[in-house]
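**Student:** Residue numbers (my numbering), protein chains in the order written: chain V, 1 to 323; chain W, 1 to 323; chain X, 1 to 323; chain G, 1 to 97; chain U, 1 to 97; chain R, 1 to 97.
For the record, the hints were derived by calculation from the structure and aren't laboratory data.
Heads up, a few of these hints could be off.
[What the hints assert, rightly or not] With a cut-off of at most 30 Å between alpha-carbon atoms, the simulated BS3-like pairs for lysine-lysine come out as follows:
#1 G/40 with V/164
#2 R/25 with U/40
#3 R/25 with V/228
#4 W/228 with U/25
#5 U/25 with G/82
#6 V/192 with X/195
These figures come from a predicted structure and were not determined experimentally.
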Amino acid sequence: MSLELLLQNILNPPVLLFLLGILAVLLRTELEVPQPLPKLFSLYLLIAIGLHGGYELSKSGITSDVVKVLLLAMFMAVAVPIYAFFILRLKLDVYNAVAIAATYGSISAVTFITAGSFLNTLGGKYGGYMVAAMTLMESPAIIIGLILLSLFARRNENSSIEWKEVLREAFLNPSVYILMGTLVIGFITGEKGWKAMEPLFGNLFRGMLAFFLLDMGLVAGRRLGEIKRVGLFLVAFGVLLPIFNASAGIFLAKTFGLAKGDAFMFSVLCASASYIAVPAAMRLSVPEANPSLYVTMSLAITFPFNIAIGIPLYYSIINMLWG
Amino acid sequence: MSLELLLQNILNPPVLLFLLGILAVLLRTELEVPQPLPKLFSLYLLIAIGLHGGYELSKSGITSDVVKVLLLAMFMAVAVPIYAFFILRLKLDVYNAVAIAATYGSISAVTFITAGSFLNTLGGKYGGYMVAAMTLMESPAIIIGLILLSLFARRNENSSIEWKEVLREAFLNPSVYILMGTLVIGFITGEKGWKAMEPLFGNLFRGMLAFFLLDMGLVAGRRLGEIKRVGLFLVAFGVLLPIFNASAGIFLAKTFGLAKGDAFMFSVLCASASYIAVPAAMRLSVPEANPSLYVTMSLAITFPFNIAIGIPLYYSIINMLWG
Amino acid sequence: MSLELLLQNILNPPVLLFLLGILAVLLRTELEVPQPLPKLFSLYLLIAIGLHGGYELSKSGITSDVVKVLLLAMFMAVAVPIYAFFILRLKLDVYNAVAIAATYGSISAVTFITAGSFLNTLGGKYGGYMVAAMTLMESPAIIIGLILLSLFARRNENSSIEWKEVLREAFLNPSVYILMGTLVIGFITGEKGWKAMEPLFGNLFRGMLAFFLLDMGLVAGRRLGEIKRVGLFLVAFGVLLPIFNASAGIFLAKTFGLAKGDAFMFSVLCASASYIAVPAAMRLSVPEANPSLYVTMSLAITFPFNIAIGIPLYYSIINMLWG
Amino acid sequence: MKPMKKVEIVIDSVHLNRLLETLEKAGVSGYTVFRDVLGKGERGIMAGDELTDVFKNSYVITVCPEDVAQKVAESIRPLLKKLGGMCLISDVLWLEH
Amino acid sequence: MKPMKKVEIVIDSVHLNRLLETLEKAGVSGYTVFRDVLGKGERGIMAGDELTDVFKNSYVITVCPEDVAQKVAESIRPLLKKLGGMCLISDVLWLEH
Amino acid sequence: MKPMKKVEIVIDSVHLNRLLETLEKAGVSGYTVFRDVLGKGERGIMAGDELTDVFKNSYVITVCPEDVAQKVAESIRPLLKKLGGMCLISDVLWLEH
Ligand SMILES: Nc1ncnc2c1ncn2[C@@H]1O[C@H](COP(=O)(O)O)[C@@H](O)[C@H]1O
Ligand SMILES: Nc1ncnc2c1ncn2[C@@H]1O[C@H](COP(=O)(O)O)[C@@H](O)[C@H]1O
Ligand SMILES: Nc1ncnc2c1ncn2[C@@H]1O[C@H](COP(=O)(O)O)[C@@H](O)[C@H]1O
Ligand code: NA
Ligand code: NA
Ligand code: NA
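The shape of chain V in the complex, shown without the other chains (with noise of 0.2 Å):
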């Protein structure tokens, strides 16, 4: 990677502003974006993605490649826990192996989003259907999460997972379903639509990310102080995984034939950690597992990395190989 592509990706308002948020924390000034200021912009920015992504999609409509991309995603969301699962086994007990194998699996919007914009800024483009990758990649690791726990935890009867509850957590969560559904409206309204929502839900939009990554820096430097509790194996864990997701992705995606822009988008995808919709999951359903493990994971570390580093980094592979 170019130092000057780090530089590219850092030297811009929206990661200056996380940045900004995580030293507010280190140097203990009271700066807070109180609730639920940070629900209004992960609202927007969910609404703006899936109503521009639908946008995209029915501008482009649903071929083949646009399967080829669904099938990836699912197949990704679907290993990644799995093995992310046995490497945690290695040092962790179940419960908590399992929340993070989930958290893993699962990605995050905000990274996808700035991901988005920092390929926007070189000029890129990637496709509507992106977004219905990342929407299918939310739910499938909270599933084999707890189909893993159900094989390997011997839990007391009391415990006993509710599947019909896990279900809806998983498929129904509110950013899977606001995503989902405003794909779809993006869709069904086509150009006409985008019009009408453009000057809030497109102008805005890279201001708004600004804006909450100023809020996502001083959660993320409020969890930093955990870090040391987490302990190095788990900190490793937290850069190489991603690294190695990401790397599995772009393989994928270089042997399938993806786009240069695709591509990037989703080993993205593969690389970023859950930090809303699986560690609600798991409170409820795994609260054995101690949530200062993966929601530090998640957020103090495979965040930040990647919004810094990780995307910089895996864009030059694929520079490389795309050309």
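Could you slot chains W, X, G, U and R with the ligands onto chain V? The hints should help.
**Tutor:** Coordinates of chains W, X, G, U and R with the ligands only, in the frame set by chain V:
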């Protein structure tokens, strides 16, 4: 009403987001737009429509046509709660009849705004004074309701109505106040003022409406479960009275020669029911009435009906009559 | 000051919305902009002004003129709280004198922003470094105040000032931090960064200011009732000191040859009083002082005075001197 | 530490102002208010409605001497009868400072 | 005024629904819920995390007769054992209206 | 169920951190915090001011054994004397789990 018109209304991002909100509740997702974000959206919409209406009014001036519309608005705002009350008394006690009658005598700003957005997509227009008409129509129903109450209910001393409070609640409730205030500000500052406000309060308007309607869908959806407790009579009332009110509005509009767009907006005002100002006032002044009835009817029956079916229905009638 | 200029200032949506907010309280409407929406607006305004100032600074570069302005800013930020303290001591105990002096020694970002918006409508301009000057002027008054306190108050051990806390509170309070941070980000990312942020942080700026001033009107209005308890001396102080400070600022600006727009913004900074950062710091470090005094003076007297009368007044003086 | 009575009240948010006036008239020296509290009681679920305060409770604590508590209870009873809600009284020790 | 038991419970917000179901099964006639409460206990600091409810508590009050309180305590104990949290019981007088 | 003391404290939100530090030093095992509580007392109305925490209270509950409660009371008294606020102590039963 042609199917095409119905689809043209429904296949729009705002209405689809409203349906997405309802569906989110039916599917028991945990999607929510937490407080006070809904207040941000409703404040925004009120200010935007007030400023824009005032600006339009500053262009057209206050003509005899304007006075005509305002008088018609006043007339309907007084007439509707009276006849609604006597219809409701067929089945209900005085308290609930008063509360529901007041609810239907007043208006819903979001219904008005959605209708305006629908009109725009069809290339239609309405006068800025329609916003003044809407403002005028919010309050009288509360007063009429309480006059009916003091005429027909036997309450003990303790429950005597505090008229001063009631009048303040009616004429200075937040939405009336903000609409009136921004209407005046838009009127005073004219072209120059509007140009400065347009990027926020004009360009983003349709997107913000769509965002807010997602939340309105959630709120309406949560009330849907109460419909069975409301009973068939009131459900029918919640659909038929709006149609009747709209028809009465159309009849008056035709008789007094209103322009097409104004007639449409006027009919929507007549058809709509309040779910913010009036319920708050009724809860305070008529605690004997059951809020599950009037809030549910307004939010879960009449509002969705108007948004999805009423708006294109009234438009197609007007289209026939005005040609 | 010509009446025309006064009207030009007042008959603007932002100032009128401020008055609408005050009136809402006087009429006892229940209008409110609930928490944390005010924080959303104030964060937005700080980020917007920081990014834009940094961008402007990246165009002009850091010249000797810039250094001159910053030194003047520093000087006033130290001088004002000192002479304010001795004036206040004529009537008040040490604690309240310190707290009020610090309040007036610091600045109000919203007053600055409103002045900038006024200047723009008149076709004027100010340098991006004025934002840096503003940032510089926020904190010193807190330190000076606490130095005065330790010199003049006899407090028991328990109450000894925790200087480390105080310095952090002064230099790393949220508004100083965010202004400084976004100024640097705007400077670093220059033209390209600003272009990406402009749709949100540039185009919407005046609308957001107007929205926020509505809330500021409510907050100021709620404090109006306390004015009678503040006493004539402090009311006079709250109007006369700003005028004196602005005059001192104008004198310095003229002496040192500042450009017209910069001189105006500098005089507004000198005239304005803090109602966020300093009150929070005083509440913490000087609990003996009565917050009803310093918050009321700053919010309900000086802020409205500056917004409605001070801004055009200082401008007309400068217009005379600079021609 | 002084023995006092702690009075806890849950009431519809729309009627909060009226309750506070009643408390002041009964002579309490202070109170603490928690807005936006949810709940369930005889009159059904109060789960917030995001648009108005119609389905929202407020929770108020006031600490006072026995005789004032008695007065508070009496003046609140008709309010609760009409508007619903809940009122609890218990013993506490008040730390004097 | 009727002597009753006041049961106070602090639990992770994610498990609030389960708690309320348990209370209803135990036969309480009502409850009051305070969402978004922070705290510290055996399992560390619950300081909110702004993105999910993972590090947030809810605080619930339910007032009931002694026997119901007993039942509530029993049915809540396994919940608290597994999920953490706190449950307190004390005496109050309930103002009848 | 173990008999314990429940200590309730109302304090200015700006001084919350200092209070929590004091509690920890006094040896409490946990606490629960309600932020953004309004109120009225000797020092006037705390009705929130929307811009800072200057006119806002926080409400804290900590449950502890009698001796710790005593210690808490002592170490809190000077704080309340200087900063205002309120502290209550009462008896509760703590459900062991
Ligand atoms: N037994 C109870 N325990 C705790 N809170 C209650 C109880 N009963 C009623 N409440 C509270 O008081 C409010 C009004 O009660 P009600 O008037 O009975 O519907 C409810 O929404 C609850 O917040
Ligand atoms: N001694 C205590 N006093 C007050 N609240 C407590 C206490 N212990 C625990 N809590 C509350 O219960 C929550 C869960 O406690 P725990 O399961 O022990 O971590 C904490 O976050 C606190 O809000
Ligand atoms: N008698 C009381 N009952 C309940 N809360 C009180 C009482 N007195 C004071 N408070 C609370 O403590 C805060 C500070 O009280 P003070 O320092 O007396 O102004 C008030 O804002 C109230 O929230
Ligand atoms: Na992943
Ligand atoms: Na109507
Ligand atoms: Na100043």
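**Student:** For the pair we were handed, residue 25 of chain U and residue 82 of chain G, check the Cα-Cα distance against 30 Å.
**Tutor:** holds, 29 Å
**Student:** Assess, step by step, whether the Cα of residue 25 of chain R is no farther than 30 Å from the Cα of residue 40 of chain U, and give holds or violated.
**Tutor:** holds, 14 Å
**Student:** Need the status of pair residue 25 of chain R, residue 228 of chain V: alpha-carbon distance at most 30 Å?
**Tutor:** holds, 24 Å
**Student:** Does residue 195 of chain X sit within 30 Å of residue 192 of chain V, going by the straight-line distance between their CA atoms?
**Tutor:** holds, 26 Å
**Student:** Does residue 40 of chain G pair with residue 164 of chain V here, judged by a C-alpha cut-off of 30 Å?
**Tutor:** holds, 27 Å
**Student:** Against the 30 Å threshold, does the CA-CA distance of residue 228 of chain W and residue 25 of chain U hold or violate the hint?
**Tutor:** holds, 24 Å
The earlier numbered hints are all upheld by this structure, with none contradicted.
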